[in-house]
Every structure is written in C-alpha cells, then in structure tokens.
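**Q** Sequence:
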Amino acid sequence: MTAAPPRLRLLRLSLPLLLSALLAPSEAAKWPLRAPHREAVPASFDCAMRQAAYAYGKKLIPRLGSFPSLYFALGLNAECGDGSPPPSATGAPPSSRSQLPPDALYVAARASTPPHAEEGTATRPFSCLQKAADAAVATRSKTVVLRGGTHFLPAPLRLGERHSGLSFVSMPGETPVVSGGTELNVTWEAYDLKDGRNIWSADVKGQVDEVPGLQIDGKRATRARYPNLDGGIEVSPGYGGMIPGSSAVWTPPQFGKYAKVDFYTDNTSSHARPNGGWFEQYMIGTNGLCSVYDPPVSYWCSEHPSGGGAFAFRTPSGVTPQPAALPHAPYKYPLDALFFVWRPSRWANWMFEVAAYDSQTANYTFGKGGNQGARGSNSGGDFFVENVFEELDQPGEFFYDRRAGTLYLYHNGTGAPPASASVVVPRLRTLVNISASRFSPAKNISYRGITFKERALPPPLDVQATRYTYMDPHGVPSAGDWALDRVGAIFLQGTENVTFDSCTFERLDGNAVMVSGYNRHATISNSDFAFIGGNAVAAWGYTNETATDPGRPGEVIENYPQAGVDGTDGNHPRYTTVEGCTAREVGLYEKQSSFFVQAKTVQSRISGNVFFNGPRAGINANDGFGGGDEISHNLVFSTCRESGDHGPFNSWDRQPFLTSVRTGAPSMTMAWREIHHNFFIDNYSPQEDVDNDDGSCYYHTHHNFLVYGGQGMKNDFGGHDNHHFNNIYAYVGQGLGVCSQQPGHEDYFYGNKAVITGDKLGGFACTGDAKTIVHDNQYFTPTGAIQECGVDLKDWQAKGEDVNSTVSRPPGDSTIIGWAKVMLDF
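Sequential numbering from 1 applies to the sequence shown in our numbering.
The hints are all genuine.
Derived lysine-lysine pairs resembling DSBU-like cross-links, with alpha carbons at most 30 Å apart: (1) LYS219 x LYS205; (2) LYS799 x LYS753; (3) LYS799 x LYS771; (4) LYS821 x LYS760; (5) LYS753 x LYS821; (6) LYS368 x LYS260; (7) LYS753 x LYS59; (8) LYS205 x LYS194; (9) LYS332 x LYS368; (10) LYS194 x LYS219; (11) LYS794 x LYS771; (12) LYS205 x LYS368; (13) LYS219 x LYS368; (14) LYS59 x LYS821; (15) LYS257 x LYS368; (16) LYS194 x LYS332; (17) LYS794 x LYS760; (18) LYS131 x LYS443; (19) LYS771 x LYS753; (20) LYS257 x LYS332; (21) LYS799 x LYS760; (22) LYS753 x LYS794; (23) LYS771 x LYS760; (24) LYS332 x LYS205.
The set of hints was computed from the structure by calculation and includes no laboratory data. These figures come from a predicted structure and were not determined experimentally.
Produce the complete structure using the sequences and hints provided.
**A** Below you can see the structure in the form of structure tokens.
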C-alpha cells in the first residue's frame, strides 16, 4: 500500500461512536495542516478552535445532544482531550405531535396475515408499501404508517400526481427501515483457514444474480481489491490505498472511437454575458468522445473550452501496470476486474470495466466507463483494482463468484461468521421515486418522523441499502468539473412541496437524494446522512441541449441545441431547502461528490447543517445558473480528504444561462448568492474555505468564520463581482488572491479581520480602471507589518488606497475565538 503524504495522515477522524473504541487516539487527532500552517498555527488555537466548532455544531443540531460523531471527528478525545468520550447529554425535547388519524393505513415489515386478508388496519396491516400508498389516496387523511422492522422493497415505491397529499410516518416508538437490499439465507462453510486466513464460503445460487455490495449486520464489507484498505471501504484512506499512477503505462485515448464532435456556440448578441471578460458565450459539443455520456453532450467537448487546465475531454483507453504494481496478477478472469482511476491532480475518479486483456503484454483495454467526471486527461493517476478473487486477502473483504453462485467472505473475526448475522446484498438503485411533470406535478407528499417518548433518536424512518450506480449512465450537467448520475435512493422529478423530515439515509451506495428537473420547495430537514457512496443531496435541472434525454423519456425536446442556453422554461429545481441536517462519510465510491451539489438549479437554501468527512468539496455549485442561493449557518470541515484543491465550498461559472431569477425578466446575469454566518475549516486541502473557481461571480460572502487555507478570498480565470466583507479569516496564508476584472465588475474586500501567516496581503488588481476595492480591514501578521501591492501598508495608504485598514500582531486565541462566538452567536 502506498504511503500517504505527511500532510494527509489524518485518516480516521469520524467513525461513529459505536466504532470509536477501534481508533487509536493518536490517529484521531492529527489534523493535516501543511506548511506554512503546520509551523504558523499555535497548537493552543487549533484545539480552542475545535472546541468552538463542537459548541457551534451542538447548537446547530441540538437533537443530537452530545453529538458523539462530531466530537470524535474533531479529535476532541485525543490531541485536544484526554481520551474521554463526549460528555453525556440528551437531545432537545421533541415537539408534540397529534395522534395518528383514525383512517390511517398501516404497513408491516413482514406479512402477519395472508395477503387476501390484509386490510391496512393496525391489526391486519398491508405487507406491501406500494399497496398501502395506492390505497391511502382514497382516504381522508392520506396517511401511511410504517411499522418497525426492515421493509425490503421488491421494487421502488412509485408515487405520482395521484398520490399528492400523502404522508408517510412511523409508528410511535418504532423505527422502520426501508431497504433496497435482498437478505440472503446463507450457511457458511470453511473455505481457507490456513496460515491465519479466515475465508468462508456460502452457496447463494438462485437468491441473487450479482453481488455489487455486501452488508453484514448493517456494516459494509469491502469487495476484494488491491491495494487493501486497512480500515475497509467505510474509512477514508486519505491519499493511501492506491497504486501510484506512475507504476503503469497508460494507453492513449482513442480519438477516432466515435463519430466526430458536433460543435455549437451561441452567438446571439443578446445572450452575451455582460462582463467583458471570460466565459461570455454558451458553448457545447455533442458526440465524439463525449459519447460516453448520456446524453452525449458537454462543455468540455466544445470547440474552445477554457479555464484552469482546460482542454477537450478524453480518457486513457487502457493500462499496462508494471509487474510489481499488481503482485497477485495475472488473474484467472481478468475481464471481471474493475479499475478505479484517479484523474491526475485528483479532480475526479473514473471507473472502467475491462474489455480485453493481452496476456503477452499484460495490457488491459478499457471498455465501459470513464464517464464519472467531466474533465479528462491522456493518462490516469493513482488507481486500484477490484472484483478479482486473487485479491481476497484481507479481513472484511468479500468476493462473489458469479459463475458458481458462491459468495466468499474473509471474516473479520475469529471462527465462523455468526449464523445470526444478517447478510444483505444492495439491489435497488432507487427506493422512493416521486415523479410527475412540471405541468401536473405531484404535490405535498411528506415523509415525517414520529416523536419518541424521550427524544427523536434514532430518526424514525431509516433508508438503507441501495446498490452502487457509478457504472450507470452519467451526464455533464453544465460547465463545472462534475459529471452526475441522475439517480438516487430518493428521486424527485415533477414535484412541489415534497418534504423528508427526521429521516436517516445511511449506507446507500449511490446518491442519497436526487432532486431532478422541475421541483419546487423540496425540503430535506432534521435528517442524517452517513456512509454514502455518492452525494448526500444533488439538485440538477434541464435545458434543451440534445434531441433526447434519458431523464425525460417521452418528452418532446424542442429547439435544441439553441435552447441549451435558455433556463426560462422553469424545468429545474427551485427553492430546494436542506436544513438542520448532518452528513458525514460521503463519496465512498465516487470521489467527486459532496454533501450538497447543484447544477442548473436556483434559489437553494442550505442552512443550519453540520457536514464533515468527504473526499471533495463539501458544498458545490457547478455553475452560475440563476443564482439567488443562500448558504448560511453551517459547520463544514474535513473536506477534500482524498483530492486536490478546494475546501468546504467550491463553485464554477464557465457557462452563461438565460434565466429570470435576478429581476423577473430574462437576463444573462445571475442573482447574487449569499454565503454568510458559516463556520468553515479548510484543514485538509488547504486552499480556500470558499473557492470561487473559473468565472465565478456575484457572491456576497460575509460574516463567516473561515479557518485555515492558502488564502481568504479567491477567484480566478475571469471571476468577478466577488464581495468578501465582515469575515474573520483565522490563520490563512494571505488575505486574497483574485484575477483582474473589467470596469464595473470589480471585487471587494472590506470590513474583514484577517490573521495571516505571512507578511503579504495577496495578489489583486492594484492599478488600472478596475482596481480591487479594499478598505477598512484589520490585518494581523507575525511581524505586525504587511505588504500590499509591493509596498508597506502605510506607503500604500499614503497613495489613498486601502483606507482605514490597520495591521498588528495576532491577538490571543481567546480573542479570535471570541470574535467568532459573537459573530455566530454561540
């Protein structure tokens, strides 16, 4: 196994309390600060700041009481503590709730009466959730009550317009689990117990056709792979657990594999974005190497893609690992292998099936795959191999022999796997599909919790066990770096006022919630996400770029590709709310994933959440479509644990769109986005807490406590109209680093307190007709002096610049934390 670089040795911060005893305290405390932060940040501040983050997180989510997962994620049991568990505390008292309506229909996890005798009553409940939902539409209360236990769904629950008004609730005092898995009936037999191995097998023929994942007593097993993962798939390996990309020769892309690219650039004069800089025109390319996407369209196949590291999309077509890279090769069935490959620079990861193997050269030719990220490269980066029997050599791993119908498990313990252990194979991709149309939407459907006697823990509706979707069709939603699969355990399309409240989403191998196309006021509140294979919540709208789109079967798509720029038809999510939620351990499979990501989506509200432990940026805006979003009062940290750059928040805006959000009239200018009163910690990357990347514009970032990072404020490659004010930047490398702008579109930096580890304010426009507006800041540096535009602050101010700003040495820890407590009110 390759070693992680020193700056990324924090590997196991946030296993749940149940597993915390397995963690070495020293491992749980190492925050991966790199130079200059490693030397510049006082250890006392780091611990005081973590304690403050814990206090703020508990205030945001009072229902979790002592919030043990947050406590351990912040390392407060180790370096900043004495090894003790979190203080005992109960959650906030639950709100009262009226009793269940008399005409409510009940559904049991397992049949208790013959199907012909099921009446949906409390004593004769339905055994099928779909049957209960369909029957409830005829009742006055339209209420479905789920009894406790695991509801294994044979097919997704499908709800449409006729189900409008339904409410799904749990039986008071019970915890129903909705599962997309199949529970196996297994009898384990010893297979290989020699030399300390503990591998067992079970004949599962006739029960399942494939085993894309495996859960033993609710915990994931790891599919056989090389290199091994010491902690298993649910523990982030940081930069470890991979074969270096340099240990292989990558087969170049096959540029002639598909038909030529069809370029389209919108040259309509009224559609030119009025910033006088980069990314003024909408542009796409269809077909060509973008045929791997569905629909086969992308900005990155356009005629002239631009931005940081920009070039047309491509991926390597195969790989020849060095002999030492795969020590257990050659494999008996090499075509069964899956290659998981980081793009160089770790901006996304690709998955490839193997189409052919040359035993003479040891070359693997890639087949299906390479569509899991929007940005390409000629070669691959770090990689690993999965799903070959020869790699079943680590406790906690499994392998399914589809030819023989035999399941193998390297039991993580002594003796045989317990006969009582539940063995579940994730099977369904979607558990709840609420789909209608924007002309006749499904309305007012809710999944709500029932209050428990003492407190609402655990949440009453538990959603588990969907299969991975990383080999499914993906599309490029806009001109950010992301590709997405338009699927989720919860799928919403054509809805209004759908609510998921007090639910748990855990151990889902794809996305948890997908808000697709037309949705208004979709709300996910007071819910918890953990151990998610893809994104926790994704919102993705449509514009008419291609003749067909698999997400809109049967819909006539008009005026393509010209209408690709036009978002005024409203076929996108609007007013999506994620509030009072927790999310941790996301992106177990697809590394380009977030707690919340949006594309072609407007006026989202992300507020009062606690997000930590993800491989990429925590919150992502893939484009500037419409704007009007509010991101406030969130605690986000330990993001970008496995990837390069970014931090808690990242945005792009390379593709202009026509929307009516800003003024009510069609405009190419988005409404301002507000990012305020957040506690962001950039402890992994660290680049920026708020990374406004290529072309990002119209951001008001204010009244935030932003800890660590290379710089406080940032935009690049044509970014503009970026205003940072009244923020506290704690131990950043420099205050700001921004590109030049056009007159009337300048950046602003004012009213901030910036504790800087260096002696320079940063890089910005110091001369010309569009100078960066800087004033009324308080700077704190190790020397008590600061340079700005190449001269000392006092000399710069003598020229009439940066008026009213001051510089001094850093204050004490209590002062900095005190500022944050006043600003964030905790």
